[in-house]
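Assemble the complex: chain W is given as a structure, and chain R must be docked to it using the hints.
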Amino acid sequence: MSKHIKVENLSVIFGKPSQVEQAKSMLDTDMHVSEIMEKTGVTVANRNVNFEIYPDELFVIVGLSGSGKSTFIRTLNGLNKPTRGDIIIDGENINDMDNMRLRTFRRKEVSMVFQHFGLLSHRNVLENVEYPLEIQHVDKKERTEKALEAIKQVGLDGWEHHMPSQLSGGMKQRVGLARALVNNPELLLMDEPYSALDPLIRRDMQNELLNLDDSFDRTIVFITHDMNEAFRLGERIALMRDAEVVQIGTPKDFFENPANDYVRDFIADVDKTRILKVRSVMRKPSYTALPSDHPKTLLEKLESGNLEFCYVTDDDNKFLGYVTTEQLKRSKAKSLERLVTEDNTVINRNAYLKDIWKNLSDATFEVAVLDGKKRLRGVISNDDIINVLAD
Amino acid sequence: MLHYPEQFIFEISGIIDRFVDWILDTFGGLFDVITTVVLALFNGFDFVLSAIPWWIYIIAVAYLGFKLYSYLGGLILATMLFLIAMFGLWDPMIYTLVIIFISVFVSLIIGIPSGIIMAKSKPIESIFKPILDGMQTMPSFVYLIPAIMLFGIGRVPAVVATTIYAVPPLIRLTYLGITNVNKEVVEAGKSFGSTPAQMLFKIEIPQSISTIMTGINQTTMMAMAMVVIASMIGAEGIGDEVLISIRRLEVGRGFQAGLAIVFLAIILDRILQGFASKFNRTEGLDV
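If you're matching them up, the sequences are chains W and R in order.
The numbering of the first sequence is our numbering, which starts it at 1 and goes up by one.
The numbering of the second sequence is our numbering, which starts it at 1 and goes up by one.
For the record, the hints were derived by calculation from the structure and aren't laboratory data.
The model shown is predicted, which means the values in this text are computed figures rather than measured ones.
Among the hints, a few may not be true.
As the list claims (entries may be wrong) - Mimicking PhoX-like on lysine-lysine, the simulated pairs with C-alpha atoms at most 20 Å apart in a straight line are:
#, chain 1, residue 1, chain 2, residue 2
1, R, K122, W, K16
2, W, K108, W, K141
3, W, K140, W, K152
4, R, K202, R, K129
5, W, K354, W, K252
6, R, K202, R, K183
7, W, K81, R, K183
8, W, K140, W, K108
9, W, K140, R, K202
10, W, K39, W, K24
11, W, K332, W, K301
12, W, K16, R, K120
Stated by the list, open to error - Derived contacts from chain W toward chain R, CB cut-off under 10 Å, selection only:
#, residue
13, N77
14, L79
15, F105
16, R106
17, K108
18, V110
19, S111
20, H116
21, F117
22, R123
23, I135
24, G176
25, D191
Every residue gets a Cβ at the ideal spot worked out from N, C-alpha and C, and that includes glycine.
Only chain W is shown next, with the shape it has when bound in the complex (with noise of 0.2 Å):
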């Protein structure tokens, strides 16, 4: 299970109660956040925020510092309180929990990873991972296993006895990670998790990130000010600036129409192809068949659609490969099992651009996109990374 976040007009302000008030009513007007709190003394973090996650999504916010999205992220779980506007996940609204609520949805549902990793220094890596479980007295045995478990996931096994200190920066976060993936979140918050580490760290850091992504239905709301790791990770993006959203998409989105010359300048320097990845290119495919349909009810559906082929999947939307119009015309089979075409050219979503085309240019018609656990996710053409370069 993962996550659905509706943020309503979120804004929080931070300063003296009467100073919020009156900062409350000018968050409306045309002022700028800088005039507001030059104004009233305040600090305007988050202005009037709406957008959406959506389930299993990867959702980046990126901005500069001071943009408010390190608020932003720390509001989901309730270490900042919303000053006015509503934050709803999975329909239920954060300011209606009372305390005894939200210690349950931290302990249960909704984990962070922090930019200073945040461990407890006086606890080797095994307890610092075992902590989450600990606090909701979780049998020892059972929680020994998990965080194991979880060590594992990150691939620091045989460093659990180890203290905090003795770890490098990128260990350090592999523990952060563990730690917040011991109670099985469904909601992973990532506040600039890799800001801290060098370039090369970081690189593998995300691939690690991307894997695990795949292999879990887990909302995921990362936050970075890396223009570049925001395009790499992010399945859609919202780039904050001065407490404001300036602009949510995917990254295609970005390149295609920027919404202002801020924007423009913040990816001006991008190189595509290496930044864009399958996933943020590639269109849900127009029609997908399951096994069990009729061929010729199918073959009917695709001539009214005009489509040549399409793709088929089972029930769990795992990728089974193909068939085409034409065997469907010719083929007197009551079933469409046995006339399904093994596809060879699919492409893993978090493949980059630059790196598909030589798949792209065997392909016959455009190519499957799958994840990790092999379920088709959408479908790729050359048409779509010409559009998007083109830009």
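Positioned in the frame of chain W, the structure of chain R alone reads:
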């Protein structure tokens, strides 16, 4: 016009005396309780510390010095303790130690919770801060006066005065330790759904333990300083030796007692600091 006009003299000493009488009348029971508790503590600590043979102390100090520092460290500390015994000041030293230990013990019970409450509550913080500032700038003699007023002369007011004088650094450093715990560590604790008690006992106190240990060390040193002065209101011990030497102008005896006090202070300080730095090793800001 040379002298201050006599009709404008208004002494407040009478009012204060009456106020003290009133306190004694009203809260007499409370002071009786405190007296009983302090005496019981005194007898308990005295019984234990006196029951241990002198050479065990020396071996223990040598061992701790060796464990916490080096062979040489152990040797130096043990030699200092041996010198105190050689000066013939062993029994006064035990008496002094008893008062110090009681003061530190009571300071722990009062100081650490106070420091935690101060770190957790803004209003209490704003009340405690000026009081602590005042207590730490007040000359140590001043503490003797209320102690005598309320408890008379003897070891009970000595313990009370020593404790009151010694407790501020522990409160302050506990407060400092708790408030200085890395912000992200605190956020991490909260973000995983810790209860306030879990935050305190599993995160905040362990993270600030080395600062708290420094506070315990400072409190012990303050108690050590005060217990010497408290001999003026009837505490026996090494301080009393100094006091007697001053009265009789016995330079040699005074110097010898002074040296013993310095040795005792060094031994206590080194051992406590050694423990504090052991804790320090598991703590660091940048983790």
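Cross-check of the supplied hints:
1. In summary, the hint linking R/K122 to W/K16 is supported, as the alpha carbons are separated by about 14 Å, within the 20 Å threshold.
2. Among the hinted pairs, W/K108 with W/K141 is consistent with the structure: their alpha-carbon atoms are about 19 Å apart, no more than 20 Å.
3. Between W/K140 and W/K152 the alpha-carbon distance is near 18 Å, which keeps this suggested pair within the 20 Å criterion.
4. Restraint check for R/K202 and R/K129: not satisfied, since their Cα atoms lie roughly 26 Å apart, outside the 20 Å limit.
5. The hinted pair formed by W/K354 and W/K252 meets the criterion: a straight-line CA distance of about 15 Å does not exceed 20 Å.
6. Of the supplied pair hints, the one linking R/K202 and R/K183 holds, its CA atoms being roughly 15 Å apart against a limit of 20 Å.
7. Taking the CA atoms of W/K81 and R/K183, the gap is near 17 Å; set against the 20 Å cutoff, the hint holds.
8. The hinted pair formed by W/K140 and W/K108 meets the criterion: a straight-line CA distance of about 18 Å does not exceed 20 Å.
9. Annotation: proposed proximity of W/K140 to R/K202 holds, straight-line Cα distance about 16 Å (limit 20 Å).
10. Note on W/K39 and W/K24: the hinted pairing holds, with a Cα-Cα distance of about 12 Å set against a maximum of 20 Å.
11. For the given pair, W/K332 sits about 17 Å from W/K301 by alpha-carbon distance, which is consistent with the 20 Å threshold.
12. With a CA separation close to 19 Å, the supplied pair W/K16 and R/K120 stays within the 20 Å bound.
13. Interface hint at W/N77: satisfied, since its Cβ lies 5 Å from the closest Cβ of chain R, which is below the 10 Å cut-off.
14. At a threshold of 10 Å, the smallest CB-CB gap from W/L79 to chain R is about 6 Å, leaving the interface hint in force.
15. Interface restraint check for W/F105: the shortest CB-CB distance to chain R comes to about 8 Å, inside 10 Å, so the restraint holds.
16. Interface restraint check: W/R106 against chain R, minimum CB-CB distance 4 Å, threshold 10 Å, status holds.
17. Because the smallest distance between the Cβ of W/K108 and any Cβ of chain R comes to about 8 Å, under 10 Å, the interface hint for this residue holds.
18. With 10 Å as the threshold, the beta carbon of W/V110 comes within range of chain R, its nearest partner Cβ sitting at about 8 Å, so the hint holds.
19. Interface hint at W/S111: satisfied, since its Cβ lies 7 Å from the closest Cβ of chain R, which is below the 10 Å cut-off.
20. Given hint, W/H116 at the interface with chain R, holds; its Cβ is 5 Å from that chain's nearest Cβ, closer than 10 Å.
21. A distance limit of 10 Å between C-beta atoms decides the matter here; for W/F117 the minimum to chain R is near 7 Å, and the interface restraint holds.
22. For the restraint placing W/R123 at the interface with chain R, the shortest Cβ-Cβ distance is roughly 8 Å, inside the 10 Å limit, so the hint holds.
23. The interface hint given for W/I135 is met, as the beta carbon of that residue sits about 5 Å from the closest beta carbon of chain R, less than 10 Å.
24. Taken as an interface hint, W/G176 checks out: its beta carbon lies about 8 Å from the nearest beta carbon of chain R, inside 10 Å.
25. At its closest, the beta carbon of W/D191 sits 9 Å from a beta carbon of chain R; the interface hint therefore holds under the 10 Å criterion.
The structure does not agree with numbered hint 4 stated previously, though it agrees with all others.
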